[in-house]
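Make the full structure from the sequences, and use the hints.
If you want the building blocks of each chain, they are given just below.
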Amino acid sequence: MNAIPIELIHIVIAIALVAGFVGLNGLVLVWVERKVAGHVQRRPGPYEVGPNGLLQPLADAAKLVGKQLFTPDGSDKLVFWLAPIVSFLPVMPMFLPMPFSPFLTAMEVNVGLVLILAFAGLNILALCLAGWGSNNKYGLLGAGRAVAQGVAYEIPLLLSVLAVCFMTGSLSLTEIVAAQGNWPWQWNWIYQPIAFILYFTCGVAETNRAPFDLPEAESELVAGFHTEYSGMGFGLFFLAEYAEMIVVCGVATALFLGGWKGPGAAGAWWFLLKLYVLLVIMIWFRWTYPRTRFDQLLNLCWKWLLPLSILNLLVTALVIKL
Amino acid sequence: MAILAKVAFFFYTLIILAGAWWAVTAQSLVRALVGLIATLFAVAGMYLLLAAPLVAFMQLLIYVGAVSVLILLAIMLARAPAGGEEQDPRQPRQYVNALLVLCAPAFALSWVIIKHPPVSRLTPSELPAEALGKALMGPYSLAFELISVALLVAMAGAVLLAFEKRGKK
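Residue numbers (this note's numbering), protein chains in the order written: chain A, 1 to 322; chain B, 1 to 169.
Be careful, since some hints might not be right.
[As the list claims (entries may be wrong)] From chain A, some residues computed to sit far from chain B (all C-beta separations above 12 Å): (1) F103; (2) V109; (3) M167; (4) S172; (5) V222; (6) F234; (7) R291.
[Said to hold, decoys possible] Which stretches of chain A does chain B cover? Using the computed rule of at least three CB atoms under 8 Å from a CB of chain B, they are: (8) 69-81; (9) 111-117; (10) 133-143.
[Said to hold, decoys possible] Taking CB as the label site, the calculated pair distances span: (11) W183/A to A51/B: 37 to 43 Å; (12) L50/B to I310/A: 31 to 37 Å; (13) L136/B to P102/A: 27 to 33 Å; (14) S120/B to I194/A: 18 to 24 Å; (15) V315/A to A108/B: 42 to 48 Å.
These aren't lab readings, by the way, just hints derived from the structure by calculation. Beta carbons are placed, not taken as given, at the ideal position from N, Cα and C, and that holds for glycine.
Right, here's the structure in full:
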């Protein structure tokens, strides 16, 4: 019997590291979110558990894990419990082609961008299954909104990403980063400012974050698609949302902000720095803007973002050809 | 790696068949859709085994990420009642019809493959996305365009159906 192939060991280690990274970031981001929310609203945020409330996320996690798992009456049990799993599992492959640094990429996939976008689409499916499986009208309404929103915003997102791919002529995140320079004015956000803004807007909408958190709008829908989930059922949705935020910001970093490159020594620290700046901006959005109305949300996408992204793509293609 | 590939092949085949069986026999539409999604996923796995990651991820992006979601939306909009006709016991004639529907494409496809076997190789090699695009725009452009005609027909048909329903009310 020959030895275990090296690639298999490589992938297993990478997935273990990704799982650790996602879990740890979930904890950190919950703390950051609550702290930012607190300071935006002129209160200290979590303060009691640990120094400056640093251990609060651990307490939250322990609470979530300890809670009883309820399945509502008349719900489709299989679909109901499949949904949180479908929501969380695709997160793992999405981190595989993420270029933290030239040496710190879990798996070199030369269509890495397509991989991330493909698995990102599964989240909507999970929200739908959750809303349908709960046998709850709020859940169903939340799921309906999730579909309309997710399907609409995916199109300008893909088109804005495509504009960058046109410029580099590659679908590999590593190559796209390598094609950018060391200084901020050599990054793609200077050449593709419209695509950057479009991508980030659509990214916020795709991760269902405020001001686009219509599927779980608590003032109208209780909690939308995850109304009926208790304990870790809700925990998995929550963790998946934070992981998707990291993915959206990570892809933005690689595509538009030069990835691991930066003035001075290039490396994973630059990637992480830009990633966390974008994440804080996303959290800042949530606590600054009020929630949009649903017709405004769809009008914004179909009447502004979509034509703008098509125009941007056409102009990009034209300029490349000239 | 060859053994691993064979294991993966049988694993995917199993999921494809099980998902299809589940989709046909499920008692609720959403459960049937779950079976369909499992099948689509395993087909993407098959593409990966053929060293065609772009096609595999497009399969996920389009079929799992978009088409299944739209099917789900249609189910939710139609609000299919729990005790629909899919829960009635099936007639033996339905089984015969199903078998015919299963066999017709199977015979046609296997006849074509036996008549014109494609060139096979031991280890598949990955084709760059550029070559794929050039092939679609060059020698296969007619097929590529015909697909868009099919989509147009489907869309026109959907509009027509919607209008007829509205007229009856």
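| Those earlier numbered hints the structure runs against, lowest number first | 2, 4, 14
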